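Asker: For reference, the chains in residue letters:
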Amino acid sequence: MKMDITFGQYVEGNSILHRLDPRAKLIIAILYVVAIFLANNVCSFALIVASAVLITVLSGISPRIIGRGIRPVLILIVFTAVINIFFVRGDHPLVSFYFIHIYREGLVNAAFIIIRIVVLIVCTSLFLTYTTTPIALTDGLEQLLAPLAKIKVPVHEFSMMMTIALRFIPTLIEETEKIMNAQKARGADFSSGGLIKRARALIPVLIPLFISAFRRASDLATAMECRCYTGGKGRTRMNVLRAGVKDFVFLFGVVALGAGVVLLNKFAGGYRFGLY
Amino acid sequence: MAVVELRGINYIYNKNTPYEVHALKDIDLEVKEGEITGIIGHTGSGKSTLVQLINGILKPTEGQVFVDGSDIWKEPKKIREVRFKAGVVMQYPEYQLFAETVFDDIAFGPKNMGLSEEEIKSRVIAASSFANVSPDLMNRSPFDLSGGQKRRVALAGVIAMDPKVLILDEPAAGLDPGGRADILGGLKKYQREKGTSVIIVSHSMEDMANWCDRILVLADGKIILDGTPDKVFSRFNDLIGLGLDVPQITRVAAALARRGVDLGDVYTVGYAADKISELF
Numbered sequence: 001m002k003m004d005i006t007f008g009q010y011v012e013g014n015s016i017l018h019r020l021d022p023r024a025k026l027i028i029a030i031l032y033v034v035a036i037f038l039a040n041n042v043c044s045f046a047l048i049v050a051s052a053v054l055i056t057v058l059s060g061i062s063p064r065i066i067g068r069g070i071r072p073v074l075i076l077i078v079f080t081a082v083i084n085i086f087f088v089r090g091d092h093p094l095v096s097f098y099f100i101h102i103y104r105e106g107l108v109n110a111a112f113i114i115i116r117i118v119v120l121i122v123c124t125s126l127f128l129t130y131t132t133t134p135i136a137l138t139d140g141l142e143q144l145l146a147p148l149a150k151i152k153v154p155v156h157e158f159s160m161m162m163t164i165a166l167r168f169i170p171t172l173i174e175e176t177e178k179i180m181n182a183q184k185a186r187g188a189d190f191s192s193g194g195l196i197k198r199a200r201a202l203i204p205v206l207i208p209l210f211i212s213a214f215r216r217a218s219d220l221a222t223a224m225e226c227r228c229y230t231g232g233k234g235r236t237r238m239n240v241l242r243a244g245v246k247d248f249v250f251l252f253g254v255v256a257l258g259a260g261v262v263l264l265n266k267f268a269g270g271y272r273f274g275l276y
Numbered sequence: 001m002a003v004v005e006l007r008g009i010n011y012i013y014n015k016n017t018p019y020e021v022h023a024l025k026d027i028d029l030e031v032k033e034g035e036i037t038g039i040i041g042h043t044g045s046g047k048s049t050l051v052q053l054i055n056g057i058l059k060p061t062e063g064q065v066f067v068d069g070s071d072i073w074k075e076p077k078k079i080r081e082v083r084f085k086a087g088v089v090m091q092y093p094e095y096q097l098f099a100e101t102v103f104d105d106i107a108f109g110p111k112n113m114g115l116s117e118e119e120i121k122s123r124v125i126a127a128s129s130f131a132n133v134s135p136d137l138m139n140r141s142p143f144d145l146s147g148g149q150k151r152r153v154a155l156a157g158v159i160a161m162d163p164k165v166l167i168l169d170e171p172a173a174g175l176d177p178g179g180r181a182d183i184l185g186g187l188k189k190y191q192r193e194k195g196t197s198v199i200i201v202s203h204s205m206e207d208m209a210n211w212c213d214r215i216l217v218l219a220d221g222k223i224i225l226d227g228t229p230d231k232v233f234s235r236f237n238d239l240i241g242l243g244l245d246v247p248q249i250t251r252v253a254a255a256l257a258r259r260g261v262d263l264g265d266v267y268t269v270g271y272a273a274d275k276i277s278e279l280f
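Those protein sequence lines, which keep their order, are chains G and E.
With my numbering as the guide, the letters of the first sequence map in order to residues 1 to 276.
With my numbering as the guide, the letters of the second sequence map in order to residues 1 to 280.
Since the hints were derived computationally from the structure, they do not count as laboratory data.
A portion of the hints provided could be inaccurate.
If we take Cβ atoms under 8 Å as the criterion, some of the chain G residues that face chain E in the derived model are [unchecked claim]:
1) Ile179
2) Arg186
3) Gly187
4) Ala188
5) Ile203
6) Ile211
With a cut-off of at most 30 Å between alpha-carbon atoms, the simulated DSSO-like pairs for lysine-lysine come out as follows [what the hints assert, rightly or not]:
7) E/Lys59 x G/Lys197
8) E/Lys74 x E/Lys85
9) E/Lys111 x E/Lys77
10) G/Lys233 x E/Lys222
11) E/Lys222 x G/Lys197
12) G/Lys197 x E/Lys78
13) G/Lys178 x E/Lys231
14) E/Lys25 x E/Lys111
15) G/Lys178 x E/Lys275
16) G/Lys178 x E/Lys15
Quick caveat: nothing in here was measured; it's all calculated off a predicted structure.
Ideal placement from N, C-alpha and C gives every residue a C-beta, glycine not left out.
Turn these sequences into a full structure, and let the hints guide you.
Answerer: Here it is in structure tokens:
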């Protein structure tokens with residue numbers, strides 16, 4: 001069995017996108033999604049696509065990696081496109097054949113939907129996964145949600161749990177591989193037999209894995225206590241996040257994009273996206 | 001006859017990615033039947049990769065591996081058979097224990113071989129006696145044992161497969177001197193009685209000097225020294241230059257030699273004692 005799980009999709013780099021404050025990136029990603037959903041005609045979609053291209057270029061991440069990220073949702077994209085082509089009714093019929101009716105509106109809608117999904121996935125992953133480490137992301141999230149602590153939401157505890165969980169995923173994968181190899185060395189067979197036999201074959205891997213995970217957790221708890229960890233209260237940070245000029249420029253950029261989309265929706269002509 | 005033979009082995013991790021590592025470079029190696037071969041080398045020199053190539057956990061990027069005379073990758077479906085012939089005890093094997101009782105854990109390998117109940121039982125008993133696992137532990141949970149006991153149970157689990165060649169990756173790492181002696185003593189007894197070939201990876205130069213017929217030094221994925229312990233440890237300066245060590249007693253002898261008392265090539269304490277008593 002091959003362990004080819006690359007957890008998270010962080011791509012090492014030092015582009016301007018990598019250096020943005022994770023809090024800014026979270027807000028930008030949310031606003032960007034709103035802007036994508038606001039767009040409803042050719043001109044505003046063109047603006048969205050242009051901005052997506054600009055972001056891709058700024059991130060310095062190769063289109064091949066981005067393409068790989070879209071592959072898992074390909075089925076969803078094709079499915080929604082097909083639904084739109086065949087089921088949208090409009091005023092401009094193109095093909096009529098027995099029960100199949102294809103309208104120009106359907107094709108336009110399908111194209112818009114494809115653009116919408118692709119841009120949505122590309123841009124959110126560019127901001128949140130490709131250029132931000134999971135740790136930075138939880139850090140940013142914690143600080144954005146910090147006000148909730150006032151109403152007794154254990155924000156710090158949640159984010160600490162997330163951080164620890166993320167931190168140990170690669171360790172556990174490595175450990176799983178080691179244990180599997182050790183059991184294989186004793187003749188364990190993970191790749192033949194039916195479902196039940198295969199599930200049973202995993203017992204010799206899962207038990208040692210759980211035991212070592214519990215041992216690790218207890219060691220970590222002891223180590224944290226030895227360094228006087230008592231939770232989030234009064235805790236200061238080593239890396240204080242500071243929003244800089246570039247963060248505000250990007251925030252302004254995404255707000256401007258949203259405004260541009262709204263204006264183009266209103267004043268520019270061309271094919272429209274709509275529900276028929 | 002060679003029980004293990006490697007021909008033109010190259011191994012590259014993560015080939016064609018930015019993380020590519022050329023772990024082994026053009027390795028040719030023959031291990032004779034009944035021979036005890038030690039492998040020493042710095043962390044990252046390719047020792048563990050070599051071990052995992054011999055029992056088919058890893059497949060060589062280039063080259064062939066022969067175990068007991070046959071090319072192990074000739075029929076990839078039968079790779080499991082190779083694991084019974086080349087028994088590998090991984091580093092820190094105590095973390096692979098899983099069964100409810102010590103007996104069941106040791107019996108895991110023989111069971112996978114498809115042996116009969118009686119055969120399994122006799123193998124488990126024989127293996128646990130070689131590995132110094134006392135019979136009254138057999139029905140205990142392996143998780144209740146001490147670190148040293150767990151290590152010996154794991155070792156018994158591999159010995160019970162009765163492999164043609166026993167390969168040990170740092171069998172005594174992290175144990176106290178008593179634990180070391182238990183493990184190595186059992187292994188020596190096993191080797192003497194069964195005549196099994198043994199390949200042992202270790203950082204302890206004393207253990208290597210005391211026990212091995214032949215020592216290989218790996219550095220940067222290549223075998224750079226290969227010979228009897230005297231031959232290898234006589235290359236004192238080369239070993240130190242590689243960041244490796246020589247047995248402590250060899251250092252003492254070298255220091256004595258600098259002060260004008262030449263004992264010759266010394267690498268075990270017993271031999272040094274004899275040499276020194278000759279001087280008086």
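Asker: Straight-line Cα separation of G/Lys233 and E/Lys222 no greater than 30 Å?
Answerer: 54 Å, violated
Asker: When the nearest CB of chain E is found for G/Arg186, is that gap smaller than 8 Å?
Answerer: At about 4 Å, which falls below the 8 Å cut-off, the nearest Cβ of chain E leaves the hint on G/Arg186 intact, so it holds.
Asker: Hey, E/Lys25 versus E/Lys111, does the alpha-carbon distance stay inside 30 Å?
Answerer: 37 Å, violated
Asker: Is the interface hint for G/Gly187 satisfied, with its Cβ closer than 8 Å to some Cβ of chain E?
Answerer: OK, holds: G/Gly187 within 8 Å of chain E, min 3 Å.
Asker: Between E/Lys59 and G/Lys197, is the straight-line Cα distance small enough, at 30 Å or below?
Answerer: 25 Å, holds
Asker: Could you grab the alpha-carbon distance between E/Lys222 and G/Lys197 and see if it respects the 30 Å cut-off?
Answerer: 41 Å, violated
Asker: Let's test the interface hint: is any C-beta of chain E closer than 8 Å to that of G/Ile179?
Answerer: 6 Å, holds
Asker: Would the stated hint for G/Ile203 survive a check requiring a Cβ distance to chain E of less than 8 Å?
Answerer: Interface hint status for G/Ile203: holds (7 Å vs cutoff 8 Å).
Asker: Below or equal to 30 Å on CA atoms is what counts here, so check G/Lys178 against E/Lys275.
Answerer: 46 Å, violated
Asker: Straight-line Cα separation of G/Lys178 and E/Lys231 no greater than 30 Å?
Answerer: 35 Å, violated
Asker: Would you mind confirming whether the straight-line C-alpha gap from E/Lys111 to E/Lys77 stays at or under 30 Å?
Answerer: Within the cut-off at roughly 19 Å; holds.
Asker: Compare the distance between the alpha carbons of G/Lys178 and E/Lys15 with 30 Å, and conclude whether the hinted pair is satisfied.
Answerer: 20 Å, holds
Taken one by one, the earlier hints fail for this structure at numbers 10, 11, 13, 14 and 15, listed in ascending order.
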